[in-house]
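S.K.: Sequences are here, hints too, so could you generate the full structure?
Here is how the chains run, residue by residue.
2 protein chains.
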Amino acid sequence: MSALSFEILAKDDSGFARRGRMQLPHGTVETPVFMPVGTQATVKSLTPADLTDDIQASIILGNTYHLMLRPGADLIEKMGGLHRFMAWNRPILTDSGGFQVWSLGDLRKIEEHGVRFRSHIDGAEVFLGPKESMQIQRQLGSDIVMAFDECTPYPATYEEADESMQLSMRWAAECREHLPVNAQQALFGIVQGGMYADLRLQSLEALSDIDFEGIAIGGLSVGEPKEEMMAMLDALAPHLPEAKPRYVMGVGTPDDLIEGIDRGIDMFDCVMPTRNARNGTLFTDDGKLNIKNLCHAESEAPIMQDCKCYTCQHFSRAYLRHLYMAKEILSSRLNTLHNVHYYCALMRRARTALEEGNWPEFRDQFLQRYRCEA
Amino acid sequence: MSALSFEILAKDDSGFARRGRMQLPHGTVETPVFMPVGTQATVKSLTPADLTDDIQASIILGNTYHLMLRPGADLIEKMGGLHRFMAWNRPILTDSGGFQVWSLGDLRKIEEHGVRFRSHIDGAEVFLGPKESMQIQRQLGSDIVMAFDECTPYPATYEEADESMQLSMRWAAECREHLPVNAQQALFGIVQGGMYADLRLQSLEALSDIDFEGIAIGGLSVGEPKEEMMAMLDALAPHLPEAKPRYVMGVGTPDDLIEGIDRGIDMFDCVMPTRNARNGTLFTDDGKLNIKNLCHAESEAPIMQDCKCYTCQHFSRAYLRHLYMAKEILSSRLNTLHNVHYYCALMRRARTALEEGNWPEFRDQFLQRYRCEA
Numbered sequence: 000m001s002a003l004s005f006e007i008l009a010k011d012d013s014g015f016a017r018r019g020r021m022q023l024p025h026g027t028v029e030t031p032v033f034m035p036v037g038t039q040a041t042v043k044s045l046t047p048a049d050l051t052d053d054i055q056a057s058i059i060l061g062n063t064y065h066l067m068l069r070p071g072a073d074l075i076e077k078m079g080g081l082h083r084f085m086a087w088n089r090p091i092l093t094d095s096g097g098f099q100v101w102s103l104g105d106l107r108k109i110e111e112h113g114v115r116f117r118s119h120i121d122g123a124e125v126f127l128g129p130k131e132s133m134q135i136q137r138q139l140g141s142d143i144v145m146a147f148d149e150c151t152p153y154p155a156t157y158e159e160a161d162e163s164m165q166l167s168m169r170w171a172a173e174c175r176e177h178l179p180v181n182a183q184q185a186l187f188g189i190v191q192g193g194m195y196a197d198l199r200l201q202s203l204e205a206l207s208d209i210d211f212e213g214i215a216i217g218g219l220s221v222g223e224p225k226e227e228m229m230a231m232l233d234a235l236a237p238h239l240p241e242a243k244p245r246y247v248m249g250v251g252t253p254d255d256l257i258e259g260i261d262r263g264i265d266m267f268d269c270v271m272p273t274r275n276a277r278n279g280t281l282f283t284d285d286g287k288l289n290i291k292n293l294c295h296a297e298s299e300a301p302i303m304q305d306c307k308c309y310t311c312q313h314f315s316r317a318y319l320r321h322l323y324m325a326k327e328i329l330s331s332r333l334n335t336l337h338n339v340h341y342y343c344a345l346m347r348r349a350r351t352a353l354e355e356g357n358w359p360e361f362r363d364q365f366l367q368r369y370r371c372e373a
Numbered sequence: 000m001s002a003l004s005f006e007i008l009a010k011d012d013s014g015f016a017r018r019g020r021m022q023l024p025h026g027t028v029e030t031p032v033f034m035p036v037g038t039q040a041t042v043k044s045l046t047p048a049d050l051t052d053d054i055q056a057s058i059i060l061g062n063t064y065h066l067m068l069r070p071g072a073d074l075i076e077k078m079g080g081l082h083r084f085m086a087w088n089r090p091i092l093t094d095s096g097g098f099q100v101w102s103l104g105d106l107r108k109i110e111e112h113g114v115r116f117r118s119h120i121d122g123a124e125v126f127l128g129p130k131e132s133m134q135i136q137r138q139l140g141s142d143i144v145m146a147f148d149e150c151t152p153y154p155a156t157y158e159e160a161d162e163s164m165q166l167s168m169r170w171a172a173e174c175r176e177h178l179p180v181n182a183q184q185a186l187f188g189i190v191q192g193g194m195y196a197d198l199r200l201q202s203l204e205a206l207s208d209i210d211f212e213g214i215a216i217g218g219l220s221v222g223e224p225k226e227e228m229m230a231m232l233d234a235l236a237p238h239l240p241e242a243k244p245r246y247v248m249g250v251g252t253p254d255d256l257i258e259g260i261d262r263g264i265d266m267f268d269c270v271m272p273t274r275n276a277r278n279g280t281l282f283t284d285d286g287k288l289n290i291k292n293l294c295h296a297e298s299e300a301p302i303m304q305d306c307k308c309y310t311c312q313h314f315s316r317a318y319l320r321h322l323y324m325a326k327e328i329l330s331s332r333l334n335t336l337h338n339v340h341y342y343c344a345l346m347r348r349a350r351t352a353l354e355e356g357n358w359p360e361f362r363d364q365f366l367q368r369y370r371c372e373a
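Chains A and B, in that order, give the protein sequences. Each residue of the first sequence is one higher than the one before, starting from 0 at the first, in numbering that gives the first Met the number 0. Each residue of the second sequence is one higher than the one before, starting from 0 at the first, in numbering that gives the first Met the number 0.
Source of the hints: derived by calculation from the structure; they are not laboratory data. Take these hints with a grain of salt, some might be off.
No copy labels: a pair is met if it fits in one copy or bridges any two.
Stated by the list, open to error - No more than 27 Å apart at the CA atoms, straight line, and that leaves these computed lysine-lysine pairs for DSSO-like:
#1 Lys326 <-> Lys291
#2 Lys130 <-> Lys287
#3 Lys130 <-> Lys77
#4 Lys243 <-> Lys291
#5 Lys77 <-> Lys108
#6 Lys287 <-> Lys108
#7 Lys307 <-> Lys287
#8 Lys130 <-> Lys307
#9 Lys326 <-> Lys10
#10 Lys108 <-> Lys243
#11 Lys77 <-> Lys291
#12 Lys307 <-> Lys77
#13 Lys307 <-> Lys326
#14 Lys10 <-> Lys130
#15 Lys326 <-> Lys77
#16 Lys10 <-> Lys225
M.R.: In structure tokens, the structure reads:
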């Protein structure tokens with residue numbers, strides 16, 4: 000019996016956008032969904048209560064690479080798994096660690112059965128491959144486990160992208176062997192293939208031969224122009240399996256999410272709302288704003304007029320600018336709360352538009368307004 | 000009409016400890032009370048909701064010196080005062096800035112009508128005296144305004160302490176002139192006199208000639224041994240005005256607070272719970288613990304067994320240690336929440352003991368257990 004069930008509740012007749020519902024061991028996830036990133040067993044600066052009560056997040060992401068190095072998968076398992084360790088009782092998706100070790104550049108060496116690398120914390124040599132990643136993610140106890148893959152660099156020649164994709168497909172099969180279908184954890188395969196549509200389709204084909212509970216699209220948002228990213232999603236959209244949730248990894252800006260939904264994507268994650276918050280960059284329907292700017296110094300307005308987050312309900316831009324300039328911890332916290340709330344609320348608005356059958360209007364109005372400022 | 004009214008609800012027959020209630024423009028304060036320090040218009044890492052809902056703080060402290068330099072008293076006044084600026088609708092006490100400018104050492108010069116100093120932020124020359132401090136605290140709109148005084152250094156000769164105290168007493172009278180009794184803000188005088196009991200009593204006598212709504216004891220916890228601090232409180236205890244709230248400034252550890260209550264003190268403030276939290280030092284009934292210690296690495300226990308704070312209700316020492324080691328913002332936040340909760344809960348326990356007539360037992364049991372660890 001699978002750990003994941005998925006149903007489509009509504010669809011946009013004019014395209015690929017859909018409104019779904021995913022059942023996982025730790026709860027229900029309404030899609031399209033944004034998953035806040037909780038790299039080191041915490042969504043930076045936020046508590047689980049912030050995420051459930053204010054932000055209404057239904058699923059978060061954890062990073063296998065970071066957690067395996069500190070505090071270590073053995074400790075987390077001993078403490079009852081990642082959910083209990085961080086006091087988060089809703090679903091968790093963990094990535095495989097593949098992207099992070101790939102990002103280490105010279106510090107890692109890719110071999111047939113995984114990657115040998117040095118820890119960024121203490122320099123210790125570590126080996127991580129499909130087998131090890133499945134083992135660690137089992138110890139973490141996440142609801143959704145990601146296959147271990149190699150992220151194809153950008154730019155890459157056709158041959159490089161092909162070779163890299165083929166390796167990821169062999170690893171994908173290995174992952175399923177090490178984590179067979181079970182009631183505790185679902186496993187997602189990851190489409191690679193660089194910026195070559197035919198390789199992407201070959202990759203999707205290879206994954207369809209393996210029984211994954213969901214399909215992710217990896218290797219995007221790695222430096223390519225937005226048009227290339229969207230071209231890959233366009234190429235895949237008609238071929239993605241209807242009955243499985245689809246997840247585009249590490250994407251993106253609010254308008255990227257809307258564009259992704261329009262291309263049939265159900266799940267997103269990105270560090271942007273959390274990381275940008277700490278740099279004073281805040282998201283609104285009118286694009287980004289920088290709270291450092293002098294124009295906010297005496298502004299009694301909230302970040303965004305209709306936002307229901309705790310930050311916007313209580314604090315002026317003038318106060319938030321003061322906290323930022325004074326380097327107060329509360330600055331990171333209030334900014335993060337707003338940004339993550341904004342992303343999750345945007346997904347709620349998208350779901351409502353899909354339910355009510357006015358997705359195209361919602362999408363067009365949103366994109367026009369959001370991009371007007373930028 | 001005064002902005003403050005104070006009543007004694009219960010007293011310990013065997014000594015000076017008392018249980019009181021203070022009415023201020025922004026609400027009621029049950030005493031003995033601990034006032035969390037919100038230096039830059041924020042109790043570091045905490046929101047007003049944390050302070051009201053979890054910690055149940057009834058009054059917080061703001062720092063005139065920091066606020067006048069950044070974001071500036073004019074801006075805060077323009078934004079509707081400090082309460083509205085920081086979205087805190089319960090009472091606020093502001094200090095006078097005297098202690099901070101005194102702490103600047105070589106960067107300041109004391110004159111007859113105040114102190115000339117350079118801003119630690121941009122080096123600009125600023126003058127702050129009784130008149131200026133009252134003006135700024137009026138702009139901030141705090142419920143309790145502190146008189147502008149000079150903190151006597153430790154150690155100081157009798158002559159130095161005398162001269163310094165006399166200056167503070169002249170400034171105290173000036174403060175009252177510039178902030179006459181009114182319905183919006185109460186004014187507290189500050190006893191100085193270094194570590195000389197007769198100077199302390201002279202200072203108290205001088206203040207009693209001026210109509211202050213409360214009496215503070217300043218110049219303690221400035222490097223002197225604890226016995227000297229307690230000796231000063233002992234000397235003053237029988238002479239403090241019964242009908243006015245008494246506040247010992249910048250004190251102290253949990254056991255200092257209990258000792259202070261025992262000497263008739265009603266109000267306390269200290270950066271210790273907030274600052275120590277960020278360094279990983281946590282308060283419990285068994286003394287302090289350092290969350291960095293390896294002994295907590297696999298501990299499923301909360302910081303303190305019976306603590307009702309959000310941190311203790313949800314997280315293990317193992318998790319808190321992980322957050323600290325990983326330098327996560329949430330570490331500062333969860334630690335601060337616990338420490339400030341601990342201080343405020345300790346005051347609630349003291350009030351209950353005073354109401355129930357078992358103060359001596361509570362005091363002795365607390366001190367024995369707390370000091371056992373240290």
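S.K.: Against each hint, give a clear statement of whether it holds in the structure.
M.R.: Going down the list of hints, with the structure as the test:
1. Lys326 <-> Lys291: So Lys326 and Lys291 pass the 27 Å test inside a copy (11 Å) and across (24 Å) alike.
2. Lys130 <-> Lys287: neither (41 Å within a copy, 44 Å between copies)
3. Lys130 <-> Lys77: Within one copy, since 20 Å is at most 27 Å while 62 Å is not.
4. Lys243 <-> Lys291: Cα proximity of Lys243 and Lys291: none, with 43 Å in one copy and 44 Å across.
5. Lys77 <-> Lys108: neither (30 Å within a copy, 59 Å between copies)
6. Lys287 <-> Lys108: neither (38 Å within a copy, 46 Å between copies)
7. Lys307 <-> Lys287: within (18 Å within a copy, 39 Å between copies)
8. Lys130 <-> Lys307: neither (44 Å within a copy, 42 Å between copies)
9. Lys326 <-> Lys10: For Lys326 and Lys10, the Cα distance exceeds 27 Å both inside one copy (46 Å) and across copies (44 Å).
10. Lys108 <-> Lys243: neither (33 Å within a copy, 73 Å between copies)
11. Lys77 <-> Lys291: Cα proximity of Lys77 and Lys291: across copies only (19 Å, versus 44 Å in one copy).
12. Lys307 <-> Lys77: between (38 Å within a copy, 25 Å between copies)
13. Lys307 <-> Lys326: within (25 Å within a copy, 30 Å between copies)
14. Lys10 <-> Lys130: For Lys10 and Lys130, neither the intra-copy (37 Å) nor the inter-copy (69 Å) Cα distance is at most 27 Å.
15. Lys326 <-> Lys77: between (37 Å within a copy, 22 Å between copies)
16. Lys10 <-> Lys225: This pair counts as within: shortest intra-copy Cα distance 25 Å, inter-copy 72 Å.
The structure fails hints 2, 4, 5, 6, 8, 9, 10 and 14 (numbered hints given earlier, in ascending order).
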